[in-house]
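Protein chains in written order, with this note's numbering: chain A, 191 to 578; chain B, 1053 to 1368; chain C, 6 to 381.
The set of hints was computed from the structure by calculation and includes no laboratory data.
Any given hint could be a false lead.
To be verified - Cβ pair distances, simulated, as ranges:
1) Gln367/A <-> Arg1200/B: 46 to 54 Å
2) Val570/A <-> Val1349/B: 48 to 56 Å
3) Lys574/A <-> Arg1200/B: 58 to 66 Å
4) Arg1157/B <-> Arg230/C: 51 to 59 Å
5) Pro313/C <-> Phe1115/B: 26 to 34 Å
6) Val57/C <-> Ser555/A: 48 to 56 Å
Note that beta-carbon positions come from the ideal geometry of N, C-alpha and C, so glycine has one too.
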Amino acid sequence: MRRGPVRVAGGLILAAALAAAAAGCNSASSTDSSGTSDKCGLKIAFFGALTGSAANLGVNIEQGAELAIIKYNEEHADCKVEVAKFDSQGTPDNAPALARQLVTDDKVIGVVGPAFSGESVAANPIFEEAGIPLITPSATRPSLSTEKWKVFHRAVANDDAQGPAAALYIKDGLKSQKVFIVDDQTAYGAGLADTVKATLGSLVVGTDKVQADGQQTDFSATVTKIVSSGAESLFYGGYYQNAGLIRKQLTAAGWTGTMVSGDGVKDPGFLTSAGKEAAEGSVMTCPCAPATEAKGSFAADYKAQWNIDPGTYSDVAYDAAGIFLKGIDEGNTTPEKMNEFLGEVTFEGIANTYSFTETGELDPSKLIVWTFKVSSGDIVPDVKAPTS
Amino acid sequence: MHFHSLFQNFGELTVTGLAQGAIYALFALGYTMVYGVLRLINFAHSEVFMVGTFAAVLTWGLFGLDQDSATPSVGAVLLLLLAGFLAAALAAGIMALIVEMVAYRPLRRRNAPPLVFLITAIGASTVISEAVGIGTHRNVSSVPPLIRPSTVVQIGNTSVTNIQILIVGLALVMMVVLDLFIGKTRLGRGVRAVAQDPDSAALMGVNKNRVISLVFLTGGLMAGIAAVMYLLKIGGTRYDAGFHLGIKAFTAAVLGGIGNLRGALLGGLALGLAENYGSGLFGTQWRDVVAFVLLVVILLFRPTGILGESMGRARA
Amino acid sequence: MIDQKTAMPRRTWRNRNGNGSPFRGRWARLPRSARWASLLGVALLAYLLPYVGSIPGIGPQIVTEGIDWPSALFNISYFVLLALGLNVVVGYAGLLDLGYVGFFAVGAYSVALFTSPDSILNTGWSWLAAVPVAIALTLVSGVILGWPTLRLRGDYLAIVTLGFAEIIRNTANGAEFMRGDRGFGGIPHPPGSLGDNSPIFGVRDATPYYWLGLTIIVVVIIGVRNLEHSRVGRSWLAIREDQEAAEMMGVRTVKYKLWAFAIGAAIGGFGGVMFAGEQGFLNSATFQLLFSILVLAGVVMGGSGNIPGAILGGALVSYVPDRLRGVEIAGTDAFQFRMLIFGFMIIVVMVFRPQGLLPSRRRAAELADRAKEATA
Chain A
191 MRRGPVRVAG
201 GLILAAALAA
211 AAAGCNSASS
221 TDSSGTSDKC
231 GLKIAFFGAL
241 TGSAANLGVN
251 IEQGAELAII
261 KYNEEHADCK
271 VEVAKFDSQG
281 TPDNAPALAR
291 QLVTDDKVIG
301 VVGPAFSGES
311 VAANPIFEEA
321 GIPLITPSAT
331 RPSLSTEKWK
341 VFHRAVANDD
351 AQGPAAALYI
361 KDGLKSQKVF
371 IVDDQTAYGA
381 GLADTVKATL
391 GSLVVGTDKV
401 QADGQQTDFS
411 ATVTKIVSSG
421 AESLFYGGYY
431 QNAGLIRKQL
441 TAAGWTGTMV
451 SGDGVKDPGF
461 LTSAGKEAAE
471 GSVMTCPCAP
481 ATEAKGSFAA
491 DYKAQWNIDP
501 GTYSDVAYDA
511 AGIFLKGIDE
521 GNTTPEKMNE
531 FLGEVTFEGI
541 ANTYSFTETG
551 ELDPSKLIVW
561 TFKVSSGDIV
571 PDVKAPTS
Chain B
1053 MHFHSLFQNF
1063 GELTVTGLAQ
1073 GAIYALFALG
1083 YTMVYGVLRL
1093 INFAHSEVFM
1103 VGTFAAVLTW
1113 GLFGLDQDSA
1123 TPSVGAVLLL
1133 LLAGFLAAAL
1143 AAGIMALIVE
1153 MVAYRPLRRR
1163 NAPPLVFLIT
1173 AIGASTVISE
1183 AVGIGTHRNV
1193 SSVPPLIRPS
1203 TVVQIGNTSV
1213 TNIQILIVGL
1223 ALVMMVVLDL
1233 FIGKTRLGRG
1243 VRAVAQDPDS
1253 AALMGVNKNR
1263 VISLVFLTGG
1273 LMAGIAAVMY
1283 LLKIGGTRYD
1293 AGFHLGIKAF
1303 TAAVLGGIGN
1313 LRGALLGGLA
1323 LGLAENYGSG
1333 LFGTQWRDVV
1343 AFVLLVVILL
1353 FRPTGILGES
1363 MGRARA
Chain C
6 MIDQKTAMPR
16 RTWRNRNGNG
26 SPFRGRWARL
36 PRSARWASLL
46 GVALLAYLLP
56 YVGSIPGIGP
66 QIVTEGIDWP
76 SALFNISYFV
86 LLALGLNVVV
96 GYAGLLDLGY
106 VGFFAVGAYS
116 VALFTSPDSI
126 LNTGWSWLAA
136 VPVAIALTLV
146 SGVILGWPTL
156 RLRGDYLAIV
166 TLGFAEIIRN
176 TANGAEFMRG
186 DRGFGGIPHP
196 PGSLGDNSPI
206 FGVRDATPYY
216 WLGLTIIVVV
226 IIGVRNLEHS
236 RVGRSWLAIR
246 EDQEAAEMMG
256 VRTVKYKLWA
266 FAIGAAIGGF
276 GGVMFAGEQG
286 FLNSATFQLL
296 FSILVLAGVV
306 MGGSGNIPGA
316 ILGGALVSYV
326 PDRLRGVEIA
336 GTDAFQFRML
346 IFGFMIIVVM
356 VFRPQGLLPS
366 RRRAAELADR
376 AKEATA
């Protein structure tokens, strides 16, 4: 019974087979596109979540940016620009490896993203060292612009603008005297909730922290606290899935106050998660304009291309890609030139007019924050909110 | 620490904690029974539960109901609930059997060590939850408002709703039924015999494989019932709903004494209460920490859980 | 290394079971120098892996497409390190640890707390200065976890270790000084600079980090191998096989179990230290329970109790999902199916090779015996 060699060989063969199975489906995608002009074959990268539980937010952004590139290519059929997608799943641990992969591609002229703040902190140092300019259409953590990254640009208002807007809406719009604040302990959710809390001051009657999406579904203790505090409104800092469950469980417990939250909840997924009846009347702030406010045929084009309505930040991503495309048109075909271009550009987009400050923030006079409301089972624009 | 918050909401936290604990308890039965018979952590049991939740959501969908539907009439609700419980229990039961046959039986035939079972179960669990996750785009699937929560009993500032009574009541009934089944019936005697000594049981003419299938099936059925209770309480489900809840349910099983049916009930309720009191006292972010600290402390003083292991012993 | 005293009984044991492998026999009969030379060759090849892509034909099949290849290699290196550490706890001492990621977290967070400008400690040490402290802290945390839980039997230990990992993760998430999801930025990279004053460990190229990881792995392998064949290793084995019998034979089970825990923890800590140094940023999102479970799956899949097995398993656990990124299956990126494919892979491997891909001799023989018993 000489099973020895079989055993060792079997193990190695099985291991090799597994590796081969993984490698076998090698898509032979050689990126040999040495066009005649150095303007041609350049790439604009998207960096953010396309799969995983934050995929909805990432896909909105990617589709917006890709739409801009598709339209550009229709007009420049002889000299196309490609889109390169980097799916980070929204987690920082994947971000450095992906960013390194991105910067090895010398056709990439700019990045739309990173979509979230956490992955930005992990990936941006690599973009900075490689000198690849980036425009994030959605990472709203204020501290990103104080890291002295020369390549960093933000096309939306940060949480220092959104938080006070939400707080003012609660104080002046809803006229709540008792506000409860909950966050999901994510950098985004907790950061936003802290700004809201600071602005509301003594109106806050209680706070609680829950786990992030997917980690907790039973919010009975939080619901109990909110109900017994007698709060008239709740600010929730977090994302749409948990927001929906919390809203639903609050309604089930008989709480009739208003739930206010940030851009992370402004997603149709909130309506699914909460059910339209419970979601009715909920308010979201967003440093973005309604898609219907976008100039031109953006909303219709988007729907025609992707068979879905534009989502949060689709329009800003469209503009971010548009800025890079304008840069290419003006002959900025290296990342260095593109970055200089971003420093000076004033770009009339569909959602806003963009120009960037020294630190890469959007020009303060261009900041916009809107509030949205769930009305008749739909998220509709409410008012353009003051930010201070 | 928020002693004020804890005292003010003590009643409410108790009631909601018991409801959550009842779900843990039914969920934990699957872990505890399989462990009692096979000495193995059935890691895939969490996905059995998750499949149950989706079976109920799909069944209600077949009746044309989604999260935005109006609450149906009382008769219809009873029918829908029954259909939901049946669908979830069946789907979960079948899922448990499939896991047993695909992942465990081939290993049992080779007499593989327990660790290998655990890893296979992890693989099975990953496959099931990822398949559902990809199919549902990892979104929440929400349930129709079958039961409007209404206060049935009011004690001081504590209100007890119809859903909470249904959950705790049904869990207790199921526990009693199962206890009688294991303790008093012929089949149950077979289960106990195998739990006590598989080899002697086989010599006495007990069909070991049939008993094992029965144990998986029963655990699955209970998980299915827990799944519907979960939907009524939480309002929705997701591809990973089983994972975190499963860890808690397993914790509950160990807390009460794994392999012990009454231990599962006790452990589940204790865990539900501890989590809620902890959330009230320290804030909800410390809920899981409270649960696991409780586990560690109990195991330090009673290394086999509160009631000890005992499915194979005289009493079930 | 392997003295005659320990080598001899193993040979007779193998012969008695009639289960000797000619390959292993030939390996053992090779002169020591030849064995060392071939091991050195393997190590050298491992160091050259970042350049495997330039081999025509097979090279492009090996390298990852959607993710930077040196980064993928670095990922493999810390997974392998964790697998080696967990192999000590699970494979040698037979203590089922479901929360091994906790030690990885302790190592990484210790570095972050002592070095990051975001830390409240505000010590601002260099990476190198933080390493010994971090390793010491993981060692201590291994003992802290081990001490009260050693009374517990197998599966109870599993759930308690899982609980400890969750406590650590929740604390990282919830405690103010751990900064939760906001995380620690600006963690310094390992020291050293090249001729032109550019740092060896930059941010763009992960190759030096991989080499660092590989070097640590080599040191750990040598250390663990020596332990395995020492009194400590034999005591672990005795404990794994039969704790009561071991105790009766005079093995101080508590002491050696603690050893296993502490050594396993320290190796896991090394993984964390490397991870923090490479990423430069650390937050609580990394330390999910799934991480521990993946490493455990790697160890058992590769061959629990065998160093080459643990290495292979750890590498597969990291490599397969990374390799699937950027590969198209039926028009969609296979990356989103990676965990599904991975789950199937685990089931297939475990059902067809319950002893693991590269089992230890002893383990394979045991399993063969058990299988015979089952059919009898």
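Now for the hints, and whether the structure bears them out:
Taken as a hint, the range 46 to 54 Å is violated for the pair Gln367/A and Arg1200/B, whose Cβ atoms sit roughly 29 Å apart. In this structure the supplied range 48 to 56 Å holds for Val570/A paired with Val1349/B, their Cβ-Cβ distance being about 52 Å. The hinted range of 58 to 66 Å is not satisfied by Lys574/A and Arg1200/B, whose Cβ atoms lie roughly 38 Å apart. Remark: the range hint 51 to 59 Å for Arg1157/B to Arg230/C is contradicted by a beta-carbon distance near 37 Å.
The given range of 26 to 34 Å is broken by Pro313/C and Phe1115/B, whose C-beta atoms sit roughly 57 Å from each other. Look at Val57/C against Ser555/A: about 53 Å separates their beta carbons, and that is inside 48 to 56 Å.
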